[in-house]
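*Asks:* Please model the entire structure based on the sequences and the hints provided.
This is what each chain is made of:
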Amino acid sequence: MIGLAHYLVLSSMLFVISFIGIVINRRHLIVMLMCVEMMLLAVNMHFVAVSQYFHDISGQIFVFFILAVAAAESAIGLAILVLLYRCRQTIDVESIDQLKG
Amino acid sequence: MIDVQTLTFFAFSGLLLLSAGGVVFSRHAVSSVMFLILCFLCSTVLWLMLHAEFLGLALLFVYVGAVMTLFLFVVMMLNVKIDATKARLLKYFPFVLVLGGGLVTMLWLALGPDAFSIKKTGVLAFSEHYNNTRAIGEVMYTQFVIPLELTAGILLVAMVAAIALTFRGSQQRRVQDTPKQLMASKANNLRIVSMASEHEGGE
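Chains A and B are the protein sequences, given in the same order. The working numbering numbers the first residue of the first sequence as 432 and each following residue consecutively. The working numbering numbers the first residue of the second sequence as 24 and each following residue consecutively.
Keep in mind that the hints were calculated from the coordinates and are not lab data. Take these hints with a grain of salt, some might be off.
[Said to hold, decoys possible] Partial list, derived from the structure: chain A residues whose beta carbon lies under 8 Å from chain B:
# : residue
1 : 488
2 : 514
3 : 526
4 : 532
[To be verified] What the simulated footprint calls covered on chain A by chain B, stretch by stretch (three residues with Cβ under 8 Å from a Cβ of chain B suffice, anywhere in the stretch; the number is not a length):
#  : region
5  : 432-438
6  : 444-457
7  : 460-468
8  : 472-485
9  : 493-499
10 : 504-513
Model, not experiment: these values are computed from the prediction. We put the beta carbon where it would ideally sit given N, CA and C, even for glycine.
*Replies:* And the structure:
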């Protein structure tokens with residue numbers, strides 16, 4: 432039978448894979464954004480699994496809010512990406528080094 | 024004897040992890056987006072198996088229908104080339120090893136098999152009248168109504184922000200400028216030139 436631990440281990444593996452993706456795809460901003468989406472998916476799966484196994488619906492409400500905020504985040508992130516590409520003709524992360532501080 | 028539920032779980036979780044690896048390691052951003060869509064589809068199946076029907080279908084509609092379309096649109100519009108992943112994998116391999124290993128150890132300590140074993144949490148059981156959408160709606164529109172309104176506000180602000188960031192004005196199209204049309208007057212547009220009269224047909 433499938434227990435809660437199965438779901439938790441699966442979403443933890445998904446989280447680790449997307450974390451590694453952010454580390455090794457350091458040059459490509461779109462893939463980094465996609466890895467962030469995948470991390471959010473892993474966290475959402477944690478929430479849903481725990482909420483269903485312990486019969487507490489508020490976890491799923493939280494997932495709903497995470498989905499909404501993630502949609503807003505990706506919309507604004509992609510808009511900034513398009514703007515960046517228009518200004519500099521590249522979205523290489525390592526070329527964004529003009530901020531002095 | 025392995026039952027259908029277990030088989031489905033393992034099949035789709037394996038597909039989920041494989042497509043997650045595809046997102047990370049594929050060479051073109053378009054195939055990364057496609058693998059991410061596959062990822063969301065597999066998660067939808069897994070959430071349906073958890074009886075979280077509302078969120079599973081919301082994930083399908085919101086993510087696969089809207090957000091991934093946005094990603095695909097941006098990827099195809101920008102047309103950026105990625106260099107090979109393997110060199111970068113070798114370059115960042117120590118970081119991957121240290122950070123990934125640390126994360127795995129931490130997660131293992133937090134939710135290893137002892138913490139959430141099947142003996143402690145039991146199996147997933149709902150009565151046959153359980154309605155996930157109804158259960159969510161009953162809480163969402165009573166207890167969580169203010170966060171719900173705030174979420175609507177966040178989405179509105181995000182939409183306005185995305186349009187305001189990328190809208191370039193109408194300098195590329197031929198459009199009417201109504202204030203300019205209304206401010207047009209004879210003094211601005213008509214110039215009377217005094218010149219000597221010319222005879223018609225003069226040889």
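*Asks:* Compare the structure with each hint and give your call.
*Replies:* These are the hints, each one checked on the structure:
no.	hint	verdict
1	488	5 Å, holds
2	514	6 Å, holds
3	526	12 Å, violated
4	532	23 Å, violated
5	432-438	holds (count 7)
6	444-457	holds (count 13)
7	460-468	holds (count 6)
8	472-485	holds (count 9)
9	493-499	holds (count 5)
10	504-513	holds (count 9)
Violation of the numbered hints given earlier is confined to hints 3, 4; the remaining hints are satisfied by the structure.
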